[in-house]
Amino acid sequence: MDSLYFNLNHPKEKTNNIFKNIFQRGSMILVAIKADFNWVRMPFSNIAKSDRTGKKNPSPISARRSSSIAGGPRLKPGSVVPRNIASVRDDGEQDDDDANAWDNRALLKPDDQLNLTEAELKEEITRILKANNPNAPQNIVRFNYKEKMYKLIPHVEQLAIHFQMDGNLIPVDSEEAKRQLMMKKDDENSPESESEVVNAETEVKPTEEEDEDGNKRVAGQKEKKPANQFNFSDRASQTYNNPSRDRGEMTEPPPRLNFSSNATQWEIFDAYLEDYEQQQKSKEKKPSSKTLEKQKVKKTNQADQGDDMLKVAKSAKILERMVNQNTFDEIALDFKYYEDDADDFRDQEGTLLPLWKFACDKAKKLSVTSLTWNKKYTDLFAQSKGLILLYSLKNPSYPEFIYYTESGVMSLDFHSDYPHLIAAGFYDGSVAVYNTAESTQVPKYTSSARNGKHTDPVWQVKWQKDDLDGNMNFFSVSSDGRVVCWTLAKSELLFTDVVTLSLENSLESPDGGIVAALGCGTCFDFNKQQDQIFLVCTEEGKVHKCSKSYTNQFLDTFDAHHMAVYSVVWNSFHPKIYLTCSADWTVKIWDHTCKDPLFTYDLGSAVGDAAWAPYSSTVFAAVTADGKVFVFDLNINKYEPICEQIVVQKKKTKLTHIAFNSKYPIIIVGDDRGNITSLKLSPNLRKKPKEKKGQEAPKGPEYEIPKLDKILSLVRDPEAASKQ
Amino acid sequence: MDQQESESQQKEDTSKRHTYPLIRNSDMHEEMRTEAMELCVTACEKFSSNNEGAARMIKETLDKKFGPAWHVVVGEGFGFEITHEVKNILYMFFGGNQAILLWKCA
Numbered sequence: 001m002d003s004l005y006f007n008l009n010h011p012k013e014k015t016n017n018i019f020k021n022i023f024q025r026g027s028m029i030l031v032a033i034k035a036d037f038n039w040v041r042m043p044f045s046n047i048a049k050s051d052r053t054g055k056k057n058p059s060p061i062s063a064r065r066s067s068s069i070a071g072g073p074r075l076k077p078g079s080v081v082p083r084n085i086a087s088v089r090d091d092g093e094q095d096d097d098d099a100n101a102w103d104n105r106a107l108l109k110p111d112d113q114l115n116l117t118e119a120e121l122k123e124e125i126t127r128i129l130k131a132n133n134p135n136a137p138q139n140i141v142r143f144n145y146k147e148k149m150y151k152l153i154p155h156v157e158q159l160a161i162h163f164q165m166d167g168n169l170i171p172v173d174s175e176e177a178k179r180q181l182m183m184k185k186d187d188e189n190s191p192e193s194e195s196e197v198v199n200a201e202t203e204v205k206p207t208e209e210e211d212e213d214g215n216k217r218v219a220g221q222k223e224k225k226p227a228n229q230f231n232f233s234d235r236a237s238q239t240y241n242n243p244s245r246d247r248g249e250m251t252e253p254p255p256r257l258n259f260s261s262n263a264t265q266w267e268i269f270d271a272y273l274e275d276y277e278q279q280q281k282s283k284e285k286k287p288s289s290k291t292l293e294k295q296k297v298k299k300t301n302q303a304d305q306g307d308d309m310l311k312v313a314k315s316a317k318i319l320e321r322m323v324n325q326n327t328f329d330e331i332a333l334d335f336k337y338y339e340d341d342a343d344d345f346r347d348q349e350g351t352l353l354p355l356w357k358f359a360c361d362k363a364k365k366l367s368v369t370s371l372t373w374n375k376k377y378t379d380l381f382a383q384s385k386g387l388i389l390l391y392s393l394k395n396p397s398y399p400e401f402i403y404y405t406e407s408g409v410m411s412l413d414f415h416s417d418y419p420h421l422i423a424a425g426f427y428d429g430s431v432a433v434y435n436t437a438e439s440t441q442v443p444k445y446t447s448s449a450r451n452g453k454h455t456d457p458v459w460q461v462k463w464q465k466d467d468l469d470g471n472m473n474f475f476s477v478s479s480d481g482r483v484v485c486w487t488l489a490k491s492e493l494l495f496t497d498v499v500t501l502s503l504e505n506s507l508e509s510p511d512g513g514i515v516a517a518l519g520c521g522t523c524f525d526f527n528k529q530q531d532q533i534f535l536v537c538t539e540e541g542k543v544h545k546c547s548k549s550y551t552n553q554f555l556d557t558f559d560a561h562h563m564a565v566y567s568v569v570w571n572s573f574h575p576k577i578y579l580t581c582s583a584d585w586t587v588k589i590w591d592h593t594c595k596d597p598l599f600t601y602d603l604g605s606a607v608g609d610a611a612w613a614p615y616s617s618t619v620f621a622a623v624t625a626d627g628k629v630f631v632f633d634l635n636i637n638k639y640e641p642i643c644e645q646i647v648v649q650k651k652k653t654k655l656t657h658i659a660f661n662s663k664y665p666i667i668i669v670g671d672d673r674g675n676i677t678s679l680k681l682s683p684n685l686r687k688k689p690k691e692k693k694g695q696e697a698p699k700g701p702e703y704e705i706p707k708l709d710k711i712l713s714l715v716r717d718p719e720a721a722s723k724q
Numbered sequence: 001m002d003q004q005e006s007e008s009q010q011k012e013d014t015s016k017r018h019t020y021p022l023i024r025n026s027d028m029h030e031e032m033r034t035e036a037m038e039l040c041v042t043a044c045e046k047f048s049s050n051n052e053g054a055a056r057m058i059k060e061t062l063d064k065k066f067g068p069a070w071h072v073v074v075g076e077g078f079g080f081e082i083t084h085e086v087k088n089i090l091y092m093f094f095g096g097n098q099a100i101l102l103w104k105c106a
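Chains as they are written, first to last, in the UniProt record's numbering: chain X, 1 to 724; chain R, 1 to 106.
Just chain X, with the same shape it has in the complex:
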């Protein structure tokens, strides 16, 4: 065990700290330190006195012990400790003497000792043990860069370490020691293990001995691996390698061509010469080529016109109308101003003045199957054949719109609120809605085989008021015996069967069963006042009064005609009166509350169409298959037409449809050759009856209804009327 030396100049705390440090390293040193510690704690005044007197107040134990340490062989010269106990060292030889011999000893004085007087000896000299290191320099001066001058460093490191040893001892009862013990116990093969474990001293042995010991052990047994204090272990693993696969792809190489030639002087010369000759030739041809070019330019201009037409469509349209106005100037004037003076001399009869004729090459020899005026733009009307044509009176030469259809168009109707919408019924039973505001040929809505298409031609379509949800809807009637309401949903047509025209007497099939037969609907019309009530006519000549509210049940049924009913129209003013026309040559006027017709007119030929005039409750017109137009005014003549006129050029041309314009005194009639003729009604045909001087002719439905009622009353009850 090495000796320990302490700097007594250390502050006490520091010394203690050193002790503590040492103390923690192990118990073996502790004994020695304790002894030293006691010694250190000896009062300094005693030491000082003993220094001088040598005998006074001796502290034998402390002196002896201190000498045992201070006089150790490894006392370092110049260390601080010996200076304070220098005098004690002199007594070292007497260490082994008896305590009794202490007093008898003669004082030996060193030669150089000062001889002090008694007074001097008695003088108290106080010495203070400071914590300053006397060897530490007190006057260190350093250059201060901050203040640009040399400055005294006031605080100097006072610590002087004379000995330092890091021990490798561990307390027996510590965790680490326990673990090591355990390991050693486990290693039972080792003969020395037990003794080693118990004897902690082996741990503290110098490394050389340890090595020797270890070598010995290697000879006897396997070398032991030291415990892994970091609890660290090596682990390795290999992830799977994804299987790789080769893929090859060739892109198509860019197209290539081979080219070969020879570039020689003579070839170059020839080429230039050839080119020169060609130039000469082209010069000769230039005049002619110029004209060719001009022609080409013209052609291209014409081709370009097609595109340009779209751009200048509007102005071109105006121009076209101006041209038409010029060519049909007389007709336009007639339309506007001509009134037949002959009417003044005829009593009641009137005439029809033919105005424009509308014919389109595309519609040649196609029968006019439907005619209808646009309710908002009164100059526009539509005509249907194999295609839909929309004419304006302003341009009689060419239709405004043409729609080509896959199937023959049988019926048309303009929407009253949305004049750009046209409902159309086709021969194949489908219905469609066209939007003239869109420039497409394709109908906006169309019915298909899936959503309730008719199975037979659709003879009539009619728009109705928007339903409760605000959706537009129209009705259609077809030979398959159904009346269907079509609702325009967002993108499709929804259908509802309103009425199926079942026959009263169902047919008996040959094997005795009963076959439910359906009547073939041909036309229908809604009552103008009560739009839930409508009339449906059939090819059997029956007229069914129906209501939207009661499906599959007729409110009433009239046996109106012997043949197919071609048209049924409610009176424009009177809510009860309607007329029918039929292939059995007759036109009949009915009251829907009455089973029998009020009037019956035989026109001598099949009546294609009939219509009430929009300006009077008593005027109606009919067209027949022998090309005649009949105009009746019940107010003037209840039995004979006031006008009967052939309007077709060729014989055997049948008139198929008629329509009154709501604003102008004209009618249009269509024939089976695809021509439409507009006719102006002469003044007699639209005469306001009972015109009196100074009194305006009464107008409006308030007047028109009683006017018709008056006439009807004559028919119903002639005797009563005559009495009046």
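Don't read these hints as lab results, they were simulated from the structure.
Honestly, I wouldn't trust all of these hints.
Here are a few chain X residues that face chain R, going by a calculated C-beta distance under 7 Å [to be verified]:
1) Pro254
2) Pro255
3) Arg256
4) Asn258
5) Phe259
6) Ser260
7) Asn262
8) Ala263
9) Thr264
Glycine is no exception: its CB is placed at the ideal position from the N, C-alpha and C atoms.
Start from chain X and add chain R according to the hints.
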């Protein structure tokens, strides 16, 4: 004799006159052809006595403009058989005695 003389004179005249670029074979687009032709004219006028320089200039400019791998031959007499990418060949004469062949093949 007079006839012969006049003929030869005429030929001389034509050969003198015929210095304009004359395209013998090209399937390029109109725009590209015009550009390539003008480039050839420029290059041949710049390097009137240095065919290699002209060819180099044409090739490098074409590579820059239309993508790489252009080949250019400029000369007064040569024969060739080449494979070229479609729409990328121009064979023309210029200056009355020079043939310029340029094609693209990567």
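Quiz item: Taking the closest Cβ pair, is asparagine 262 of chain X under 7 Å from chain R?
Solution: holds (4 Å)
Exercise. May I ask you to test the interface hint for threonine 264 of chain X with respect to chain R, counting a Cβ-Cβ separation under 7 Å as satisfied?
Key: holds (5 Å)
Quiz prompt | Restraint satisfaction for alanine 263 of chain X [CB to CB of chain R, less than 7 Å] | solution = Holds, because the Cβ-Cβ distance from alanine 263 of chain X to chain R comes to roughly 3 Å (cut-off 7 Å).
Quiz prompt | phenylalanine 259 of chain X as an interface hint toward chain R, with CB separation required under 7 Å | solution = Given a least distance of 6 Å, the restraint on phenylalanine 259 of chain X holds.
Quiz item: Would the hint on serine 260 of chain X stand, with a C-beta cut-off of 7 Å toward chain R?
Solution: holds (4 Å)
Practice problem: May I ask you to test the interface hint for asparagine 258 of chain X with respect to chain R, counting a Cβ-Cβ separation under 7 Å as satisfied? | Solution: Holds. Min distance 5 Å.
Quiz item: Against chain R, with CB atoms and a cut of 7 Å, does the hint on proline 255 of chain X hold up?
Solution: holds (4 Å)
Quiz item: Is the hint on arginine 256 of chain X kept, meaning its closest Cβ partner in chain R is under 7 Å away?
Solution: holds (5 Å)
Quiz item: How about proline 254 of chain X: closest beta carbon in chain R under 7 Å, or not?
Solution: With a minimum Cβ separation of about 5 Å from chain R (threshold 7 Å), the hint on proline 254 of chain X holds.
The structure shown violates none of the earlier numbered hints.
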